[in-house]
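*Asks:* With chain A's structure known, arrange chain B on it following the hints.
Protein chains in written order, with the numbering used here: chain A, 112 to 272; chain B, 21 to 492.
Simulated from the structure, these hints should not be mistaken for laboratory data.
The structure presented is a predicted model; accordingly, all values stated were derived computationally and were not measured.
Glycine residues also receive a C-beta, built at the ideal position from the N, C-alpha and C atoms.
Some hints here could point you the wrong way.
What the hints assert, rightly or not - Heads up, incomplete: computed chain B residues facing chain A, CB under 10 Å, no partners named:
| id | residue |
| --- | --- |
| 1 | Met71 |
| 2 | Pro241 |
| 3 | Phe296 |
| 4 | Met323 |
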Amino acid sequence: MQVDLTVNGTEVSEEIEPRHLLVHFLRDQLGLTGTHWGCDTSNCGTCVVLIDGEPVKSCTHLAAMASGHDITTVEGLEVDGELDPVQEGFMQCHGLQCGFCTPGMMLTARALLNNNPNPSEGVIREAISGQICRCTGYSTIVRSIQWAANHESAVTIGASQ
Amino acid sequence: MTTTEPTTTEPTTTEPAPPAVGSDGAASDEDRPVGFGNLRRKEDPRLIRGMGNFVDDVQLPGMLHLAILRSPMAHARIVSIDKSAAEAHPKVVAVITGEDLAAQGLAWMPTLSNDVQAVLATDKVRFQHQEVAFVVAEDRYSARDALELIEVDYEWIDPVVDVRTAMDAGTPVIRDDLEGKTDNHIFDWETGDEAATKAVFDNADVVVKEEIVYPRVHPAPMETCGAVADVERVSGQLTLWCTTQAPHAHRTVYALVAGLPEHKIRVIAPDIGGGFGNKVPIYPGYVCAIVASLVIGKPVKWMEDRTENLVSTGFARDYIMEAEIAATSDGTIQAIRTNVIADHGAFNGVAAPTKYPAGFFGVFTGSYDLEAAFCKMSAIYTNKAPGGVAYACSFRITEAVYLVERIVDCLAYELEMDPAELRLKNFIQPDQFPYETRTGWVYDSGNYEPAMRKAMDMAGYEELRREQADKR
Numbered sequence: 112m113q114v115d116l117t118v119n120g121t122e123v124s125e126e127i128e129p130r131h132l133l134v135h136f137l138r139d140q141l142g143l144t145g146t147h148w149g150c151d152t153s154n155c156g157t158c159v160v161l162i163d164g165e166p167v168k169s170c171t172h173l174a175a176m177a178s179g180h181d182i183t184t185v186e187g188l189e190v191d192g193e194l195d196p197v198q199e200g201f202m203q204c205h206g207l208q209c210g211f212c213t214p215g216m217m218l219t220a221r222a223l224l225n226n227n228p229n230p231s232e233g234v235i236r237e238a239i240s241g242q243i244c245r246c247t248g249y250s251t252i253v254r255s256i257q258w259a260a261n262h263e264s265a266v267t268i269g270a271s272q
Numbered sequence: 021m022t023t024t025e026p027t028t029t030e031p032t033t034t035e036p037a038p039p040a041v042g043s044d045g046a047a048s049d050e051d052r053p054v055g056f057g058n059l060r061r062k063e064d065p066r067l068i069r070g071m072g073n074f075v076d077d078v079q080l081p082g083m084l085h086l087a088i089l090r091s092p093m094a095h096a097r098i099v100s101i102d103k104s105a106a107e108a109h110p111k112v113v114a115v116i117t118g119e120d121l122a123a124q125g126l127a128w129m130p131t132l133s134n135d136v137q138a139v140l141a142t143d144k145v146r147f148q149h150q151e152v153a154f155v156v157a158e159d160r161y162s163a164r165d166a167l168e169l170i171e172v173d174y175e176w177i178d179p180v181v182d183v184r185t186a187m188d189a190g191t192p193v194i195r196d197d198l199e200g201k202t203d204n205h206i207f208d209w210e211t212g213d214e215a216a217t218k219a220v221f222d223n224a225d226v227v228v229k230e231e232i233v234y235p236r237v238h239p240a241p242m243e244t245c246g247a248v249a250d251v252e253r254v255s256g257q258l259t260l261w262c263t264t265q266a267p268h269a270h271r272t273v274y275a276l277v278a279g280l281p282e283h284k285i286r287v288i289a290p291d292i293g294g295g296f297g298n299k300v301p302i303y304p305g306y307v308c309a310i311v312a313s314l315v316i317g318k319p320v321k322w323m324e325d326r327t328e329n330l331v332s333t334g335f336a337r338d339y340i341m342e343a344e345i346a347a348t349s350d351g352t353i354q355a356i357r358t359n360v361i362a363d364h365g366a367f368n369g370v371a372a373p374t375k376y377p378a379g380f381f382g383v384f385t386g387s388y389d390l391e392a393a394f395c396k397m398s399a400i401y402t403n404k405a406p407g408g409v410a411y412a413c414s415f416r417i418t419e420a421v422y423l424v425e426r427i428v429d430c431l432a433y434e435l436e437m438d439p440a441e442l443r444l445k446n447f448i449q450p451d452q453f454p455y456e457t458r459t460g461w462v463y464d465s466g467n468y469e470p471a472m473r474k475a476m477d478m479a480g481y482e483e484l485r486r487e488q489a490d491k492r
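So here's chain A without its partners, still in its complex pose (with noise of 0.2 Å):
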């Protein structure tokens, strides 16, 4: 079957299989390895992408699904050369240690700015705790969603449309 979606804001038409899931399609037809596919099962969060402005686990989502949808990627949240400042708050504040939950969290901490620009400690680890960060970096993590909500620019990415 084929899907037509945008990635990253660019129009993407495929062929699919039915039963491909959105981590794969992702991976290994478009070659956007960032995100990431760590549990298959919709506990760890690595594998979020943005559809349509929210969050979504893309390792339990069809990519048919996905189709006249709007998805951003971890690559997607850099713009012209702009970093999001999510990505610059991760790196100001030790926000990852091995890097492998990195897009997931950033990603819901994208959506989460979007609604909230100015989220509590408490929403802020409520927002994250469907991500797991086996390195256990949680406390840096809130700090670099903090960071990124102090130095929010008027750049948001990908917000509903």
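*Replies:* Same frame as chain A, but now just chain B:
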């Protein structure tokens, strides 16, 4: 380690304020010693852009995908395997069983602990989800599909899962592949002075005994284990991208298994999505990928899923420790004695040097000045996944620390003494360093009391005790 009171300003730069790094990346405060301030990590600019290079990100031209069929049973004889339907799948390139590997002398591989482990089971399966066969196909979905087309007949054997009873008479022998093996025993190990320790215990005012169980835990890194093997058909050069924390040890084992000289093996450990010791051992999947590439002449990727990672890869702990502590009635600790049963799973694949079969467990005397100590340990096979030491803080130190601190707590309870007070009373004193423990380890330096008091202050120990008393 000596602890001195810090005289300079403490490095508490935990605020997400702009770091002590200039825009050019150089330290802006040159007066500060090394280790102060923030240093940007070199890998972050790639990783925050989704430009990491993890094993599953490796894509090579013509690359095939490998999936592993695993046993649903923990202990069973393999009666027969029918792979014809899987081989007939249009996208399947090869289906390999243990029998196929045995024909090439590749069915078994050495472990890091002087044992052997099945790459694919030949005679029987010895833990649930043990590797039984593998499929190589054109894509990862087809490889998984074909696993369901393989028919395996198993003959049930009672699994041995409780290490306490694994040595009982009549218990099935797990490792009947080892010549002359009639029980599930792996090794005994002891440290300390048994007679001297017994003498102290026989004359002690107080003896407290406790069974301390430290169950099996799993490191569960975010990235599961996997590999891309690429054997160059003409030169015989093997390049392996592998989720490994120990590429050099891996290369040696692959050379032994595959019969390739080490200089023809290049092991690449790219970005690793967490390891915690889980990615030290050599797993059958890595060897399967190498064998597949060797046989087929194309690059082969194997990437396990989360369930496979949790059920079949290296664990930590799994020690049952009978601990005893001897003390005077006023709370002077005299001796500690322990008998440990160590559950090593179906193959002894612990990543510990053979000189230290129990890692650094000998530090179970802790920070206390003892008259005597003794440990006896037995390592036992069970029908569980092999593996062994995981977590950076381990090599069995975690188990040893848990043992000593738990039994000291039990003694405090028995003596109705404050556990902090009991510890402060029994620490090795600063003038005793360098101090040789009763198990032969030399502590070069230390000053435990100020460190302990500082920790108590930070935790608000007295306040917590008052609050506890109020609420009772």
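*Asks:* Each hint should be assessed against the structure and marked as holding or not.
*Replies:* Hint check results:
For the restraint placing Met71(B) at the interface with chain A, the shortest Cβ-Cβ distance is roughly 7 Å, inside the 10 Å limit, so the hint holds. At about 6 Å, the closest approach between the beta carbon of Pro241(B) and any beta carbon in chain A falls short of 10 Å, and the interface hint on this residue holds. Using the Cβ-Cβ criterion of 10 Å, the hint placing Phe296(B) at the interface with chain A is satisfied: the shortest such distance is roughly 7 Å. Checking Met323(B) against chain A: minimum C-beta separation of about 8 Å stays under 10 Å; hint holds.
When each numbered hint is compared with the structure, no violation occurs for any of them.
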